[in-house]
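Chemist: Next come the chains, spelled out residue by residue.
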Amino acid sequence: MSGNDFFGDLRDLYQEVILDHGRKPRNFRRLEDADSTSRGDNPMCGDRMELFLKMTPDGHIADAAFQGRGCAVSMASASLMTETVKGKTPQEAQALGTAFRDLAMTGQCPTCAASLEDAMERLTPLSGVHEFPSRVKCATLAWHTLNAALAGAKEASSE
Amino acid sequence: MSGNDFFGDLRDLYQEVILDHGRKPRNFRRLEDADSTSRGDNPMCGDRMELFLKMTPDGHIADAAFQGRGCAVSMASASLMTETVKGKTPQEAQALGTAFRDLAMTGQCPTCAASLEDAMERLTPLSGVHEFPSRVKCATLAWHTLNAALAGAKEASSE
Amino acid sequence: MSFDVHRIRQDFPILSQPQHGKPLVFLDSGASAQKPRAVIDAMTRCMETAYANVHRGAYRLSEVATDAYEAARGAVARFINAPDAREVVFTRNSTEAINLVAHSWGRGVMRPDQAVLISELEHHANIVPWQMLRDDRGNPLRVCRVTDSGELDMEDLAAKLADGKVGLVALAHMSNVLGTVTPVERVVALAHAHGAKVLLDGSQAVVHRRVDVAAIGCDFYCFTGHKLYGPTGIGVLWGKLEHLDRMPPFLGGGDMIESVSFEKSTWAKPPARFEAGTPAIIEAVGLHAAIDYVNAIGMPAIEAHERALVDHAMRKLSDVPGLTLLGRAQDRGGVFAFALDNAHPHDLSTLLDRAGICIRAGRHCAEPLHTRFGLEQGTARASFGLYTTPEEVDYLAGALVKAREFFA
Amino acid sequence: MSFDVHRIRQDFPILSQPQHGKPLVFLDSGASAQKPRAVIDAMTRCMETAYANVHRGAYRLSEVATDAYEAARGAVARFINAPDAREVVFTRNSTEAINLVAHSWGRGVMRPDQAVLISELEHHANIVPWQMLRDDRGNPLRVCRVTDSGELDMEDLAAKLADGKVGLVALAHMSNVLGTVTPVERVVALAHAHGAKVLLDGSQAVVHRRVDVAAIGCDFYCFTGHKLYGPTGIGVLWGKLEHLDRMPPFLGGGDMIESVSFEKSTWAKPPARFEAGTPAIIEAVGLHAAIDYVNAIGMPAIEAHERALVDHAMRKLSDVPGLTLLGRAQDRGGVFAFALDNAHPHDLSTLLDRAGICIRAGRHCAEPLHTRFGLEQGTARASFGLYTTPEEVDYLAGALVKAREFFA
Ligand SMILES: Cc1ncc(COP(=O)(O)O)c(C=O)c1O
Ligand SMILES: Cc1ncc(COP(=O)(O)O)c(C=O)c1O
Chain A
0 MSGNDFFGDL RDLYQEVILD HGRKPRNFRR LEDADSTSRG DNPMCGDRME
50 LFLKMTPDGH IADAAFQGRG CAVSMASASL MTETVKGKTP QEAQALGTAF
100 RDLAMTGQCP TCAASLEDAM ERLTPLSGVH EFPSRVKCAT LAWHTLNAAL
150 AGAKEASSE
Chain H
0 MSGNDFFGDL RDLYQEVILD HGRKPRNFRR LEDADSTSRG DNPMCGDRME
50 LFLKMTPDGH IADAAFQGRG CAVSMASASL MTETVKGKTP QEAQALGTAF
100 RDLAMTGQCP TCAASLEDAM ERLTPLSGVH EFPSRVKCAT LAWHTLNAAL
150 AGAKEASSE
Chain G
0 MSFDVHRIRQ DFPILSQPQH GKPLVFLDSG ASAQKPRAVI DAMTRCMETA
50 YANVHRGAYR LSEVATDAYE AARGAVARFI NAPDAREVVF TRNSTEAINL
100 VAHSWGRGVM RPDQAVLISE LEHHANIVPW QMLRDDRGNP LRVCRVTDSG
150 ELDMEDLAAK LADGKVGLVA LAHMSNVLGT VTPVERVVAL AHAHGAKVLL
200 DGSQAVVHRR VDVAAIGCDF YCFTGHKLYG PTGIGVLWGK LEHLDRMPPF
250 LGGGDMIESV SFEKSTWAKP PARFEAGTPA IIEAVGLHAA IDYVNAIGMP
300 AIEAHERALV DHAMRKLSDV PGLTLLGRAQ DRGGVFAFAL DNAHPHDLST
350 LLDRAGICIR AGRHCAEPLH TRFGLEQGTA RASFGLYTTP EEVDYLAGAL
400 VKAREFFA
Chain B
0 MSFDVHRIRQ DFPILSQPQH GKPLVFLDSG ASAQKPRAVI DAMTRCMETA
50 YANVHRGAYR LSEVATDAYE AARGAVARFI NAPDAREVVF TRNSTEAINL
100 VAHSWGRGVM RPDQAVLISE LEHHANIVPW QMLRDDRGNP LRVCRVTDSG
150 ELDMEDLAAK LADGKVGLVA LAHMSNVLGT VTPVERVVAL AHAHGAKVLL
200 DGSQAVVHRR VDVAAIGCDF YCFTGHKLYG PTGIGVLWGK LEHLDRMPPF
250 LGGGDMIESV SFEKSTWAKP PARFEAGTPA IIEAVGLHAA IDYVNAIGMP
300 AIEAHERALV DHAMRKLSDV PGLTLLGRAQ DRGGVFAFAL DNAHPHDLST
350 LLDRAGICIR AGRHCAEPLH TRFGLEQGTA RASFGLYTTP EEVDYLAGAL
400 VKAREFFA
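Residue numbers (numbering that gives the first Met the number 0), protein chains in the order written: chain A, 0 to 158; chain H, 0 to 158; chain G, 0 to 407; chain B, 0 to 407.
I should point out that these hints are in silico values taken from the structure, not numbers from a laboratory.
As a list, the in silico DMTMM-like pairs of lysine to aspartate or glutamate whose alpha-carbon atoms are at most 25 Å apart: (1) G:K263 with A:E49; (2) B:K263 with G:E375; (3) B:K268 with H:E154; (4) B:K315 with A:D4; (5) B:K263 with H:E49; (6) A:K23 with B:E404; (7) A:K153 with B:E375; (8) G:K401 with H:D4; (9) B:K239 with B:D112; (10) G:K268 with A:D101; (11) G:K268 with B:D134; (12) B:K401 with A:D11; (13) G:K401 with H:D8; (14) B:K21 with A:D11; (15) G:K21 with B:E47; (16) B:K164 with G:E262; (17) B:K401 with A:E15; (18) G:K268 with G:E69; (19) B:K268 with H:E49; (20) G:K263 with B:D155; (21) G:K401 with H:D11; (22) B:K263 with G:D135; (23) G:K401 with B:E62; (24) B:K263 with G:D152; (25) B:K263 with G:D134; (26) H:K153 with B:D244; (27) G:K21 with H:E130; (28) B:K268 with G:D135; (29) G:K164 with B:E262; (30) H:K23 with G:E375; (31) G:K263 with B:D152; (32) G:K263 with B:D112; (33) B:K401 with A:D19; (34) H:K23 with G:E404; (35) B:K21 with G:D66; (36) B:K401 with A:D4.
One chain only, chain A, in its complex shape (with noise of 0.2 Å):
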């Protein structure tokens, strides 16, 4: 028996670009220039992560960075938000990320605005965690820190 049917419908969760971003996550590292910083925790399972932003100087993200330990689905989550929100503007950073929330925790996006259709195709690989209550946390970590980070807080949780 495979791994794969061994663990039943797991790919469902854990599609190969979600390993790949756990594994090797992009802009896994340090800003040291960066505009804006912070901090997310989520204390059950003590995943951590910082995030750094770097904006351009009419306010869009030119940059995001974090660096962190975590799971394999909260780490790709990262990766593919820093990937997702270069180039937004904090309102459709956070628009994004409220879509996001929802995908994640329900499998759907009903409130996905034609305009974030683009992004959201590549975070959708995440929306297999919808099945997994217990992990949604771990895929939303990121974007609470994004939050944050937005609105100049220091610390995000995801409780």
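Put chains H, G and B with the ligands on the given structure of chain A with help from the hints.
Modeler: Below, chains H, G and B with the ligands alone, put in the same frame as chain A:
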């Protein structure tokens, strides 16, 4: 259906002599010149009594009396006790108390020395209480209080 | 669904167990109520199919158990119309709920010069924690008088609030001795006008009335599962989130922390902050089933049944020669404490037991109230549940007449 | 009776419930154990035939319930060889038991300059209450080191006791992460020689070993019902009567008082003094049944089964490539925390769940211990019950190998 049948085997507990002593407790008075007094409390049900002892010069119980409030069982038990301990030495009275507690808890008195037989006979109407675990305390309160008075303590509790 | 008490009785297995060869007439529901099959089954099902520790596992069985536990919280919130399920803290019983407030609010938020105002009709659970607070931190304890009819003396309440030094008013929503229902909306308005918060001990009330904490406007409300046809080992503290947020934890341990190091630990948000250690999971499931059960019958139907029963009992008990009822409040629930002239309450209880009737004798954890009414020796008390019938009341009244003869 | 694990498994209804279409392999008994039918039935029977509030009624049903509740206390006393049943206090869980001591002994008997000595391997339940005591009353908190093999550093323990300023040593009898069993007799001798009392957190130990508090000589011992195959909502604090006698109450309310007036209340004797309000009656009955169940199988047989299982698991898990076991104590019980190189504990737990295996991931309420071992991200933990089989261990080991491939 008469009260007797209606309430089942209740006459085992409430024998005529108990009801009689409960209604009209003997030695129900204050001994102003008592050598020793003590108070007994059964906090759970609010029973409370004060016991008075008068001793003879050679250390026998000359007189015993009590005042207080309580159920028929506790009043009758105190009443019968004051009657039976008169003329006894403290040691005899304590031995009687030990035997009585056995009787109240088990309905039997294996420890009863032959020398106690007469006194115990007067107390046997209370033996029915052993079938009513929550009422055993009512029957033994007076004897706890007696022990306290003999030991020079001011208070006893049947807890 | 129409209210058919005889059908309802079939939901309670114990009610068909004879006592001393006589049908069980259980009139001690005020001390603790019997359990419907729905509650027993829910607990069994939890243990047979869906049990694991909560909040801790990433595996499905633990998620299922967590969902069930949190669903119970939601059911409680809806039951008392709490705006937010996070305001519902599970405790062991009402007693622990009140102690929790006495510790976390009393010692953590109130100033030591702020008084606590209770009343003469309180259960010990709503007296002793405040005495302990007074002895520990100095907060004065004020006691509102009760009228001869067994109602809160509202003038005295106003007088004792007047100086603005009361921090918390803590009152029974319904007396477990007199049956009196407190006019809680008026109390809350009065207390708030004088800067005091209000805790209501709903241990009795919640069984007999539809309770709406939002409409009442109180700050804390508590009740206990075992009187509401649920299991022992579970109770509820409801508190406004803004209050709970300000309160330091009560017990320390697992699940109530955010992070722990030997130097410093940080606390989780409510309600987790107040639920240290493994909670009463199976019991929460049982309480949920009890609430569903009561909801299915419908609080209005239960209220109507009990109102009729109370009126009936008032008439019947008044007809028993030598019987003195404690409390004559206008607004009352199905709890009747009484004295029967020549019969001591304990003797009476033993006697009635042999007729299959369970009533309580004593001071019902309300010693000061009995002192207030000059009944230090206690009273006998009959209290009703939703399964109580008029026939049982008749049978009680008849037995009381016979008991009086017995002791004559 | 010979120990037949496959027959024993039939006593646990949940074990025959498939998970995700696979047989349930429940390896999270250290968090909470499953319940045998005997426990479920005892609780059901209590609710169906013998339920009423305790300590309060003069009627037979209440006497029966009181007897059942007190019989549970007696069974607990015999189970841990306590000399006197009055030394057994029922609490909600271990967490409340420790908090009770931290309040009543810590604030009521200890002087504020007396330190509390715990260790690096404690569960949060045995850390946070002492931190709260420190922050509230000033009692210093000392922490005994744990060796790299996961055992108490006895030299450090001696050193931290040396100045005689430790009032209480509070230690886990068995670690819920490392499986380490503490040499409690030595600890007690050492502590007593330096004037310190000893509290042992037996939450894990009592499930795996025959515990004899008289032989150990400790001052307080606690455990929790739900890990011992009993219900949630009930735990035990045992304390020497001479200590309990000196302790002021913890929670105030009904049943823990002797008399109540508004001026002053007086306390009941132990154990009633520490059991305010309606206790967990049904749960006490359930715990009694759990103890009877364990006794019927026999602690020696359970110990032997687990020892063999632990040895088997040590071998099997050591064979899993990339697996690092936390703790290598000589004397250990059936709890295995580990890291698997490229798999995060949470991912691992989710994965194994789909194979029917329930294990825990996280820091198991022992964050400082994980920090001590540099495993802030937590560990995965498999823990055994008396129903765990060698085949389940093999299945786990095989699944771990596959999981490693999955994440490779
Ligand atoms: C060693 C230890 N102490 C204390 C506890 C707390 O037990 P409970 O949550 O039942 O209070 C546990 C279990 O979680 C434990 O393993
Ligand atoms: C009015 C009132 N308050 C508090 C309590 C205490 O409830 P528990 O014993 O469940 O904590 C009771 C019941 O005994 C009660 O009737």
